[in-house]
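Novice: This is what each chain is made of:
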Amino acid sequence: MEINRNNYHSFVLDHLDGTLSANQEEALWLFLENNPDIGEEAAGLEEISLKETAVPKSFDNKTALKGLAVCDTGHPITVDNCQGWFIASVEGTLSPLHEDKLNAFLKDHPEMKGEYAQYCKTRLTPPDNIHYPNKRALKKFVLGPPMRRLVYYGAAAAVPILLTMVWHPAFFKAELPLEESFVSANRPAVTIANSPSLPSVRSNDNDIADQQPDTNEPRGIQVASNQSEMHDFHPSESKERNPVDVPPVIDKRGALPLKANSSHDLDLQYRAGYVPQPTPEKWQQRFFDNDVFMGIMQVENYQDLGFMAWRTIEDLTGVEREMDFENQRKNLLWTIADLGIAGVNAITGKQMELERQVNHDGRLAEYRLKTNRIQIKSAR
Amino acid sequence: MTAAEYNVCVDTFSDGVYRFILKNVRDEERARDIVQDAFVKMWEKHAQVTYAKARSYLFTTAYHTMIDVLRRDKNRERLDDKPEHEPFHERSYSDLSEILEQALNTLPEVQKSVVLLRDYEGYSYQEIGDIVKLSEAQVKVYIYRARVALKKYIGRMEVVA
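Chains as they are written, first to last, in this note's numbering: chain A, 1 to 380; chain G, 381 to 541.
Next comes chain A alone, as it looks inside the complex (with noise of 0.2 Å):
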């Protein structure tokens, strides 16, 4: 390939590589002396790539811009020269020695610290006003090892709350508008009938009419395993539920008053000292037959369910972290699956997404539990 003034930097940075042949070499430095403007900064490159040897000594500019490398190769320092050495001071690649014959040299011509201070301005300064606007959103989310723990059997939680909002179409009621959502009256009616998939437990009351004085009035859904048993559920029927006959009690997790029978108001009755201490059937009954009915079915009530799936994360975990059941009981099941799933996917290294999608009306619409290999959908 012949060299021109278009390529020829190329072969001057091979030239610097020692990968040019000889007739390569020959004929990179004809050129230059046939381009004494090009070949200032060529000599610039010689000097550098220590190569003195290789230029040829008709090349009458070499001396003009000796690079970085001339203090190494012990050339004192002349007007000539002084530029590389200038360069050098300022990359910081002088020795001391060096530094000191630099030194002298400006001593001896004066007329040069000017150049030399011109050189020392070119070497720039980190501004410190210029950061990265937004570093949080580059990190990574990192659970420390109790939070890892608690992700953990949040999972374990989330996965029979995920089965169940997958289950049963009518959870969607769940995603109601606050103000809706626990206000009962405008409630339209919904028959258990009809809701083929629930299980069926029977419902017995028996030990609650022990210790609840009023237990003529309605409590919300009834619950049989024979569905001829079954009826309407009506939202008066829910509203007009009886409280029971015990001071209101304060929970600790949320000024939650003590009402009705869920597994959450046995739990506040028993803290209380209002009842003894539940069995681990009373509570398996209290959860199916209200809590993750009621959950359904009922919308107030679905913060019994989130509770339920928190409680059995506080216990599994010994952790006990403080909840504001007032501002999240909307979203309390989607904070506690949202866990799970983070959990799932910290334990697999998979990555499980929750997706929702709520209509005009803030009504959940959609939602949809992905992986990459899976999608679990389930529209209104």
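Honestly, the hints are just simulated from the structure, not real lab data.
Take the hints with a grain of salt, since some may be wrong.
[What the hints assert, rightly or not] Straight-line alpha carbon distances no greater than 25 Å define the calculated DMTMM-like cross-link-like pairs of lysine to aspartate or glutamate that follow:
#1 A/Lys139 to G/Glu501
#2 G/Lys421 to G/Glu408
#3 A/Lys139 to G/Asp475
#4 A/Lys101 to A/Glu91
Assemble the complex: chain A is given as a structure, and chain G must be docked to it using the hints.
Specialist: Just chain G, lined up with the frame of chain A:
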């Protein structure tokens, strides 16, 4: 590299990478995108990239992404047929940093990059070579040329002032 180490990298290196890219592209939004892209790529390879190599990996990735972006922009400019640079004498500068900033912008991309890596980040010639994929000798050449060009620009501006 663990997630915790990655987060330390974000805290420690994001400013430097952002500064380096911003000085080159002179567009905050694009600089942000390039830096973000570099961190995303590093996280994708976090199993292979060690913490000790993270800084170099980030600068290398960001540099090459930036080069791609600048090339695309150049092609677009050619298509749009816009003037590349405004003449320097149409502006006035109050202090050395502004003059240097303007002088820096007159340098070819590769010279600007090596000088920024050298002065802002304190990289050695070899490290700069690894980042911009040049030999050590080539890096020295570019830095040398850049210093000469900067000095000439400063001298010219001082004469004008």
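Novice: All hints are to be evaluated individually against the structure, with a verdict given for each.
Specialist: To see whether the hints hold, each was checked on the structure:
1. In summary, the hint linking A/Lys139 to G/Glu501 is supported, as the alpha carbons are separated by about 22 Å, within the 25 Å threshold.
2. In summary, the hint linking G/Lys421 to G/Glu408 is supported, as the alpha carbons are separated by about 20 Å, within the 25 Å threshold.
3. For a cut-off of 25 Å, the pair hint linking A/Lys139 to G/Asp475 is broken: about 38 Å separates their Cα positions.
4. Distance check on the hinted pair: A/Lys101 and A/Glu91 sit about 16 Å apart at the alpha-carbon level, within 25 Å; holds.
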